[in-house]
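Residue numbering for the sequence shown follows the UniProt record's numbering, beginning at 1 and increasing consecutively.
No lab work stands behind these hints: they were computed from the structure.
Incorrect hints may have been included.
Restricting the straight-line Cα-Cα distance to at most 27 Å, the calculated cross-link-like pairs of lysine-lysine (BS3-like) are [what the hints assert, rightly or not]:
| no. | residue 1 | residue 2 |
| --- | --- | --- |
| 1 | Lys58 | Lys219 |
| 2 | Lys404 | Lys58 |
| 3 | Lys185 | Lys404 |
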Amino acid sequence: MTLGTTPQRILQRLPFSSSTTPLQALTYLLGISLFSISFLVFLNSSLSFVITDLIGVKEGVGDIVGTLGFVDELVALVACPIWGLVSDRAGVRYVAVAGYAVIGLALFLFVQARNVYPQLLLARIFFAVGATAATSVALSVDSEETRERNKESHQRSPRFVGLFTGCGALVALSLFLPLPARFGKIEGVTTGLAVQYSYYTVGVVSFLVAIFVFFGLRKIKGEEGKGCATVVWSPGLNPPRRCLSPPPKRMNSPPLFSLFLCPSLTQPQKAIPYPHLLRDSILLALGDSDICLGYLGGFVARASTVAISLFIPLYINAFFMRHGYCQGSPNDPSPELKKECRQAYILSAILTGVAQLMGLICAPLFGYLSHKPHHRVNWPIVIATLFGIIGYMIFPSLASPEFKDVDSRGGKPVVFLLVALMGISQIGAIVCSLGSLGKGVLKTDIVNVLAVPGSDGGETL
Numbered sequence: 001m002t003l004g005t006t007p008q009r010i011l012q013r014l015p016f017s018s019s020t021t022p023l024q025a026l027t028y029l030l031g032i033s034l035f036s037i038s039f040l041v042f043l044n045s046s047l048s049f050v051i052t053d054l055i056g057v058k059e060g061v062g063d064i065v066g067t068l069g070f071v072d073e074l075v076a077l078v079a080c081p082i083w084g085l086v087s088d089r090a091g092v093r094y095v096a097v098a099g100y101a102v103i104g105l106a107l108f109l110f111v112q113a114r115n116v117y118p119q120l121l122l123a124r125i126f127f128a129v130g131a132t133a134a135t136s137v138a139l140s141v142d143s144e145e146t147r148e149r150n151k152e153s154h155q156r157s158p159r160f161v162g163l164f165t166g167c168g169a170l171v172a173l174s175l176f177l178p179l180p181a182r183f184g185k186i187e188g189v190t191t192g193l194a195v196q197y198s199y200y201t202v203g204v205v206s207f208l209v210a211i212f213v214f215f216g217l218r219k220i221k222g223e224e225g226k227g228c229a230t231v232v233w234s235p236g237l238n239p240p241r242r243c244l245s246p247p248p249k250r251m252n253s254p255p256l257f258s259l260f261l262c263p264s265l266t267q268p269q270k271a272i273p274y275p276h277l278l279r280d281s282i283l284l285a286l287g288d289s290d291i292c293l294g295y296l297g298g299f300v301a302r303a304s305t306v307a308i309s310l311f312i313p314l315y316i317n318a319f320f321m322r323h324g325y326c327q328g329s330p331n332d333p334s335p336e337l338k339k340e341c342r343q344a345y346i347l348s349a350i351l352t353g354v355a356q357l358m359g360l361i362c363a364p365l366f367g368y369l370s371h372k373p374h375h376r377v378n379w380p381i382v383i384a385t386l387f388g389i390i391g392y393m394i395f396p397s398l399a400s401p402e403f404k405d406v407d408s409r410g411g412k413p414v415v416f417l418l419v420a421l422m423g424i425s426q427i428g429a430i431v432c433s434l435g436s437l438g439k440g441v442l443k444t445d446i447v448n449v450l451a452v453p454g455s456d457g458g459e460t461l
């Protein structure tokens, strides 16, 4: 086996088409699937510490975090379909690069805020725009395949998305979130400066990922002719699309579709206005229960991600402050204060890390089970839902989020079981929603749904 053929042989075992180069596959798995979630997890996990340790707000932190998270989700609801439609014109490469560049700039701006409203709020909105671009690219890979090889890819792709999503969360929790604690060990570095240095570091990483994606996703099959100029493409001819199976059919494909499908291309097609594309995506959900379930699963998956990455660290931070720890000024360099705050960072990283690790382990299992035929009951979704109900209901009632009893505060190892159930529920929602969406699209005749606007009702793409 020669060195030149080794990457190609590895690619044959992954859910990519034969036209995908090793660099494109590596860029997607690392630059898109992994880092699209890691920056979001880092921000959510460290947000409460920015408010308390950098800005110095000690009261009403939960209300502030909830408000910022709510605004983030509102922005995501608006920006996600817009980014998806833009990627259909400009290509996933430019959308991903723009997303990571905005994330990096937003992380720099985050630690420049000196008040919550409006400065921190505006920084959160800016970050949400970039994060939505990155995640919209990452979560659009599971779509209809018709050739036998592509059906197998369809069955494996949700498992890979779930697997690298879990890896991205672990990167954030094992490398990014402990950064304030590590910077805090430096003599003369206050808790506020430690948070600032951490955000600068992660922001630089985001810019590096943007550069990596820019060069790694060049010349994707089916993306020829796309670019920034085609975002405002007037009705006429679009760049060629990806084909599904011979004979070629003209139909719209989600971003990154060509990485998972055959290399041949369709004929040029007429451009469809953005409102019509959005309308057709809604009609698909109304006409197929699997697609509708996939959409709903995406909402649940997003909510689970926010609950784990945002509110577990918030709960831990509030617990330490309620017991009189980490109450000093952000500019106080005393070793005692830095040690107390460092314990909160470490506990947050441990618990959220356990949740994401269990999700990572269970991702392939949910991917396998989600594609098994279900006659009446979709058991993977039921199991994921039950685990989430148990974990989310019991965790807040614990006397302490600590995994051992320190100073008779009531910490117990059972907290590991509860966060593990949360992590399994989260990955179950992610993988099952992707699998359900893929199965629904397979059953749907997109050619008959996406009709060219203005035609006599019969012309299809």
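Do the alpha carbons of Lys185 and Lys404 lie within 27 Å of each other, as the hint requires?
Measuring from Cα to Cα gives roughly 24 Å; hence the hint holds.
Hey, Lys58 versus Lys219, does the alpha-carbon distance stay inside 27 Å?
Roughly 51 Å between the alpha carbons, so the hint for Lys58 and Lys219 is violated.
For the pair we were handed, Lys404 and Lys58, check the Cα-Cα distance against 27 Å.
Holds. Lys404 to Lys58 sits at ~26 Å (cutoff 27 Å).
Violated hint for the displayed structure: number 1, the only one.
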